[in-house]
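J.: Could you put the whole structure together from the sequences, leaning on the hints where they help?
If you're matching them up, the sequences are chains A and B in order.
The opening position of the first sequence corresponds to residue 48 in the working numbering, with each subsequent residue numbered one higher.
The opening position of the second sequence corresponds to residue 3 in the working numbering, with each subsequent residue numbered one higher.
Note that these hints are calculated values from the structure, not bench results.
Note that the structure is predicted; figures quoted are calculated from it, not measured.
Glycine included, every Cβ here is placed at the ideal spot set by N, Cα and C.
A few of these clues could be false.
[As the list claims (entries may be wrong)] No farther apart than 25 angstroms at their CA atoms in a straight line, the calculated lysine to any residue pairs in the SDA-like style are these:
#  : chain 1 : residue 1 : chain 2 : residue 2
1  : B       : Lys-350   : B       : Glu-319
2  : B       : Lys-205   : A       : Glu-360
3  : B       : Lys-98    : A       : Asp-408
4  : B       : Lys-90    : A       : Val-359
5  : A       : Lys-172   : B       : Glu-370
6  : A       : Lys-419   : B       : Ser-52
7  : A       : Lys-304   : A       : Ala-329
8  : A       : Lys-172   : B       : Lys-373
9  : B       : Lys-98    : A       : Gln-412
10 : A       : Lys-279   : B       : Asn-374
11 : B       : Lys-267   : A       : Arg-207
12 : A       : Lys-423   : B       : Arg-124
13 : A       : Lys-387   : B       : Asp-164
14 : B       : Lys-373   : A       : Thr-139
15 : A       : Lys-197   : B       : Arg-124
16 : A       : Lys-172   : B       : Pro-33
17 : B       : Lys-267   : B       : Asn-374
18 : A       : Lys-136   : B       : Thr-367
19 : B       : Lys-419   : A       : Lys-279
20 : B       : Lys-313   : A       : Asp-146
[Stated by the list, open to error] Chain A regions said to be covered by chain B (calculated; three or more residues, Cβ under 8 angstroms):
#  : region
21 : 211-223
22 : 382-396
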Amino acid sequence: MTRAWIARRLFAAALLAFFICPAASAQALRLPPHEKLVLKNGLTVLLLEKPGVPLIDIFAIVKAGAAGDPAGQEGLAAATAGLLRKGTKNRTAQQFAADLDYIGGTFEADAGADFTGISAEFLTKDLARGMDLFFDALAHPTFPQDEADKFLAQALDGVRAEKDDPRSVLVPYYYGYLYGIHPYGRPAGGDEVSLKQIGREAIAKFYEANYAPGNTILAVAGGLSSAEMRAKLEEVMGTWPARAAKSVAIPVAAPAKGRRLLLVDKPDSTQTYFAIGNTGIAVTDPDRVAIRVVNTVFGGRFTSELNEALRVESGYTYGVESFFDERKTAGPFAIFSFTKNETTTQAIDLALQVLAKLHKDGVTQAQLDSAKSYIKGQFPPEIETSKQLAQMIATHEFYGLGDDEVNQLEARVDGVTPEIARQVIQKHFPAENLVFVLIGNASAIAPAVKKYAADQDARPITEPGFWPPPAGAKK
Amino acid sequence: MKKIGFGRAGVVVLCAVLLITVPAKAQRDYPVSARTLKNGMKVLVQPDHSIPNVALYIFYRIGSRNERPGTTGLSHFFEHMMFNGAKKYGPGELDKAMEAHGGANNAYTTRDVTVYQDWFPRSALSLIYDIEADRIRDLSFDPQKIKSEREVVASERRLSVDNENNGTLDEQLWATSFIAHPYHWPVVGWMSDIQHWTMEDLKHHFEMGYSPNNATMVVVGDVSADEIFQLCEKYIEPVPTHAPPPPVTTIEPEQLGERRILVHKPSELPLLMLAYHIPQMNSPDFYALNILRTILFQGESSRMYQRLVDKDQIALEVSSVVEPAFDPTIIEIIAQPKQGVDPQACEKAMYEELERAAGAAISDTELEKAKNIRLVEFYRQMRTINGRANTIGTYEVFFGDYNKLFDAAKNYSAVTKEDVQRAAKAYFGPNNRTVATLVPDNPQKAKQ
Chain A
48 MTRAWIARRL
58 FAAALLAFFI
68 CPAASAQALR
78 LPPHEKLVLK
88 NGLTVLLLEK
98 PGVPLIDIFA
108 IVKAGAAGDP
118 AGQEGLAAAT
128 AGLLRKGTKN
138 RTAQQFAADL
148 DYIGGTFEAD
158 AGADFTGISA
168 EFLTKDLARG
178 MDLFFDALAH
188 PTFPQDEADK
198 FLAQALDGVR
208 AEKDDPRSVL
218 VPYYYGYLYG
228 IHPYGRPAGG
238 DEVSLKQIGR
248 EAIAKFYEAN
258 YAPGNTILAV
268 AGGLSSAEMR
278 AKLEEVMGTW
288 PARAAKSVAI
298 PVAAPAKGRR
308 LLLVDKPDST
318 QTYFAIGNTG
328 IAVTDPDRVA
338 IRVVNTVFGG
348 RFTSELNEAL
358 RVESGYTYGV
368 ESFFDERKTA
378 GPFAIFSFTK
388 NETTTQAIDL
398 ALQVLAKLHK
408 DGVTQAQLDS
418 AKSYIKGQFP
428 PEIETSKQLA
438 QMIATHEFYG
448 LGDDEVNQLE
458 ARVDGVTPEI
468 ARQVIQKHFP
478 AENLVFVLIG
488 NASAIAPAVK
498 KYAADQDARP
508 ITEPGFWPPP
518 AGAKK
Chain B
3 MKKIGFGRAG
13 VVVLCAVLLI
23 TVPAKAQRDY
33 PVSARTLKNG
43 MKVLVQPDHS
53 IPNVALYIFY
63 RIGSRNERPG
73 TTGLSHFFEH
83 MMFNGAKKYG
93 PGELDKAMEA
103 HGGANNAYTT
113 RDVTVYQDWF
123 PRSALSLIYD
133 IEADRIRDLS
143 FDPQKIKSER
153 EVVASERRLS
163 VDNENNGTLD
173 EQLWATSFIA
183 HPYHWPVVGW
193 MSDIQHWTME
203 DLKHHFEMGY
213 SPNNATMVVV
223 GDVSADEIFQ
233 LCEKYIEPVP
243 THAPPPPVTT
253 IEPEQLGERR
263 ILVHKPSELP
273 LLMLAYHIPQ
283 MNSPDFYALN
293 ILRTILFQGE
303 SSRMYQRLVD
313 KDQIALEVSS
323 VVEPAFDPTI
333 IEIIAQPKQG
343 VDPQACEKAM
353 YEELERAAGA
363 AISDTELEKA
373 KNIRLVEFYR
383 QMRTINGRAN
393 TIGTYEVFFG
403 DYNKLFDAAK
413 NYSAVTKEDV
423 QRAAKAYFGP
433 NNRTVATLVP
443 DNPQKAKQ
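T.: See below:
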C-alpha cells in the first residue's frame, strides 16, 4: 500500500517542451553529448556515451504505430511488434528466449499511437551478442504461423483480463469516445473483435510495408565510446537492406463540440472511474512548456488544485490527475479519477468547479513559482539512466525536437508568466466542450449523471470492443 | 511503450524483490558511510554526484504485523497521517513546502515496515531535514484530517483490492495461508477496521513505532557524508528515543495439509494463486530459493513460461512474488489462465514443474543463466539514486547489515544445483500449499 497515486509516466520525457526562450542561463543540466549518423542503408543512428553501470541500452523507433492500423484491424502494429522475437531467420522463439535470458538481457517491443518502440538492454561485455539478438528480431523476423496464432489468442485474453480492472480500460474507452473513427481513437492493443481479423499474412504485410532502415531511428546509450558503438552498429545494422517505406500521415482531429457522455456499465463495481476532457496538443506545440507548468498547478502533482480538492480536502478519492498525452498531431487531454458510487456526482462536480476556477482565476505568481521549482527539481532523475536517455534522444529525433528540450528547459520554464499562463488556459484547457467517460455500476449512477450531457451513450463492459462498438460486437 | 493510465500502487516496488548478486568490485563502486546517532537512528550515506538530486528514505520497523484485530490497516493509515500536519508544518503544508522547493515524496507500508521517501534537488536539503524532524517529533492529529483521510484510504482499498481481481484474491490467499501470525490480515486493513480507527489508536501507534532507534535513514545522491551527519546532528539527533514495538511472538504453526479457497466474482477470466510457506528473508535458503524462482519464473525461457504459456497454452502469464519479511513468509505463485481454461489445468502443470525441480537437478546452463540474470538485476537497481537508497535500506533492515548487499555475490555463487533441488523439495510439497481460485460468476451468462 502506498500513499500517493500520481504516477510519473514513461512518456514524460516526450512531454518536454519548448517555448520562445530567453537567453540561456548558466545551468548544469544538459543532455550528454551524442552524435547522429545515417548509415548507407538509410538507418538513422544516434549514439550517446553514458558512463556508470555497465549496461547498454538500445531504443529503436519504427515510424509506424497503432494510428497506422487499418480500421477493423486494431492491434496490428502491436502484434507485429510482439512477434518480432517469436521466430527469426536464425532462431526459434524458444532459442531467442534462451539466448536473451542467458545474458540477463531484456527485449521489449510494442506499438504506441505514433510509432513502434523496440528496446533492449544487456551488459556492456555482451555487446556483440546483444546487438546480434536485437538485429535478428528487428530485421529477420519470420512470423511463424503457430507463434502468430498463439500471440493473437493471448492478446485477445489480455483485453479480457484488462476489462477485469476498470482503471486499465478507462483509457481505451475514453480515447475511443473522444476521437471516434480518427486513428487516435483506436485501441493500440486491439479489441476482442479486431484481433480476430488479424492473421499472419496481415502481420507480415505490415512488417514489409513499415520496417525498413530508412523508416527507423536507432539510439544506443551506455558505457562505451561512440567509436566502439559505431563500429559495432555499422557492422551489424549496416547489413539491413534498404527498402522503401511510406510514412503514416495523421490528420489533426477537430476538438469535440458540446458535451457528450458514455457510461460503461460494470454492475459489480463499488466505485466510478471517470475521464473528462477534450483533444489537447501536439508534441511540437509552441505552448508546450507553458502548458506543462500550468498543468502541474492544475492536476500534475500531489498539491495540484485537483488533488487538493478531490483528495486532500474532501476525501472523495485516493487520487486524481490531469494530463496532456502529446502526440504527432493533437493528442488527448484528460482529467482522471475514481470515487465510490455514492459520491460520483460530488466528485465530478468538484472537478468541473476546479476547471472553471482555472479559467476564471488563472494561476497566481506563487503557484507558478512553485510549479517551476517542482518541474526543475524533479527533472534530473528523468535523464539519469542510459535507458531513459536512449529513449529520449530517439523520441526527439522522431518528433523533430532538439537537445534544447533538455538544455533550455529551465530557461523556458522560467519564462512562463501569469499572462502567458492565462493565454494557454484559454487556448488549450477545455471549458464548456467536454467529453465524459464513466465506468461503473449504471443502475446506481445513471440517473444522477444525466445532468452532464444531453447526448449520452451506454455500453456494458462485457460487450466486446470499446468505442465505437465494433461491427458484430454483441456476444 | 507503456500504456498511459493510472499508475500502479507502490506495492510493485516491493515485488521487485532484491534478487541480487554483486561483483567483488561493487563495494568499491558504491561506498557507504554509516553512523548511529545518539538517539539510536542509524544513518547510511552514499554520495553520488551524477545528478544534482537526492533520494532520502526512512525505514521504520513497524508494519501490519505489529497490529491487532480491530485496528488492522493502522500502520498504513498512520503512514498517510504522517503527511497531514505536525507542529511547524501544519496540515497540507509539508507537501506544499516540499514541492515549492522542487521536492516530491511518497511512502509505502508493508507487513513489516513503513518507509518514507523524499526525492529532491540538493538545494532543498535543509528544508527536508526540518520537515522530517518536525513530523517524527511533533506529529499532530487533526480530527478533520482523520475523517477525510479515512475516506482516502477506503478509496485506495476499493481501487487496489475490492475492484481488482489480483488484489481481491491476494488478500484471501494470505488470510488462508496464515491463521495465527499477523501476516493473516491485509496491509490496507479490513474495510470495517478502516471505518473504526480512533485518535487514541493513532497516538498509540506513534508512541509504539516511531522511535528513532526503530528507524534507519538512507541518503543517496549529491551530498557528502559529513554534511548529512551534520544535518542529522542538528535536526534528528535531538528527537527523543523511547521503547520500540514489542516483539511479535506468534509463530505460525506448521501447515499440515493443503488449503483450498474459492472466490466468486463477476469476471471475464478466472485467476489462480498458490502460496507455499518459506523462511524469512535472512535465512540461508534465501539465495537458493531466489535462484530456483529465477529458473522457474523469470523470462520467456523460464520453465513455467515455457510450459504453461508457450507449450500448453493454458495461461497468459505466470509469475512469483516474495516480499521482504522479518518472519517466515510465503512465496506467491500467480497464474492468469486463459478464458475457458479450467484453472486446475494450470495447477496440474505447475505441480508437475515443481516436482520436476524437486526430482532432478537443474542444468549447469540454467544455473549460469540465473546467476547472470541476478547480476544484471543488481545493476538495474543500482543505476539510480532512488533504486540504491531502497536497496541499501532494505538490506540493512531485513538482513541487519547493508554490507550483506556486497556479500550477495559470494552467497549466490556458492549456490549449487543440489541446493536448488533441496529447496524445491523442502518447500514445494502439497501439504505446505494454499490454493486460491477466482471463479468468474456472471449472472447474465448463467441465464443464457
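J.: Hints first: check each against the structure and report whether it holds.
T.: Going through the hints against the structure:
In summary, the hint linking Lys-350/B to Glu-319/B is supported, as the alpha carbons are separated by about 15 angstroms, within the 25 angstroms threshold. With a C-alpha separation of about 22 angstroms, the suggested pair Lys-205/B and Glu-360/A falls inside the 25 angstroms cut-off, and the hint holds. For the hint pairing Lys-98/B with Asp-408/A, the CA-to-CA distance comes to about 20 angstroms; that is within 25 angstroms, so the pair holds. Between Lys-90/B and Val-359/A the alpha-carbon distance is near 19 angstroms, which keeps this suggested pair within the 25 angstroms criterion.
For the proposed pair Lys-172/A and Glu-370/B, the alpha carbon gap of about 16 angstroms is at most 25 angstroms, so the pair holds. This hinted pair checks out: Lys-419/A and Ser-52/B have alpha carbons roughly 22 angstroms apart, not beyond 25 angstroms. Distance restraint check for Lys-304/A and Ala-329/A: the Cα-Cα separation of roughly 19 angstroms lies within the 25 angstroms cut-off, and the hinted pair is therefore satisfied. Of the pairs offered as hints, the one joining Lys-172/A and Lys-373/B holds, with about 15 angstroms between alpha carbons and a cut-off of 25 angstroms not exceeded.
Only pairs whose Cα atoms come within 25 angstroms are accepted, and Lys-98/B paired with Gln-412/A is accepted, the gap being roughly 15 angstroms. A hinted pair counts as satisfied when its Cα atoms are at most 25 angstroms apart, and Lys-279/A with Asn-374/B qualifies at roughly 23 angstroms. Restraint check: the Cα-Cα separation between Lys-267/B and Arg-207/A comes to about 15 angstroms, which is no more than 25 angstroms; the hinted pair holds. Distance hint between Lys-423/A and Arg-124/B is fulfilled; the C-alpha atoms sit about 12 angstroms from each other, no more than 25 angstroms.
Only pairs whose Cα atoms come within 25 angstroms are accepted, and Lys-387/A paired with Asp-164/B is accepted, the gap being roughly 11 angstroms. Proximity of Lys-373/B to Thr-139/A is assessed by CA-CA distance (about 24 angstroms); at most 25 angstroms being required, the pair is judged to hold. Restraint check for Lys-197/A and Arg-124/B: not satisfied, since their Cα atoms lie roughly 50 angstroms apart, outside the 25 angstroms limit. A distance of roughly 24 angstroms separates the Cα atoms of Lys-172/A and Pro-33/B; the hinted pair therefore holds under the 25 angstroms criterion.
Only pairs whose Cα atoms come within 25 angstroms are accepted, and Lys-267/B paired with Asn-374/B is rejected, the gap being roughly 41 angstroms. The suggested pairing of Lys-136/A with Thr-367/B holds, with an alpha-carbon distance near 24 angstroms, which does not exceed 25 angstroms. For the proposed pair Lys-419/B and Lys-279/A, the alpha carbon gap of about 36 angstroms is over 25 angstroms, so the pair is violated. Note on Lys-313/B and Asp-146/A: the hinted pairing holds, with a Cα-Cα distance of about 18 angstroms set against a maximum of 25 angstroms.
For the region 211-223 of chain A, the proposed coverage by chain B is satisfied: 7 residues have a C-beta within less than 8 angstroms of a C-beta in that chain, meeting the threshold of three. Coverage of the region 382-396 of chain A by chain B holds. Counting CB-CB distances below 8 angstroms, 4 residues qualify, and the rule asks for three or more.
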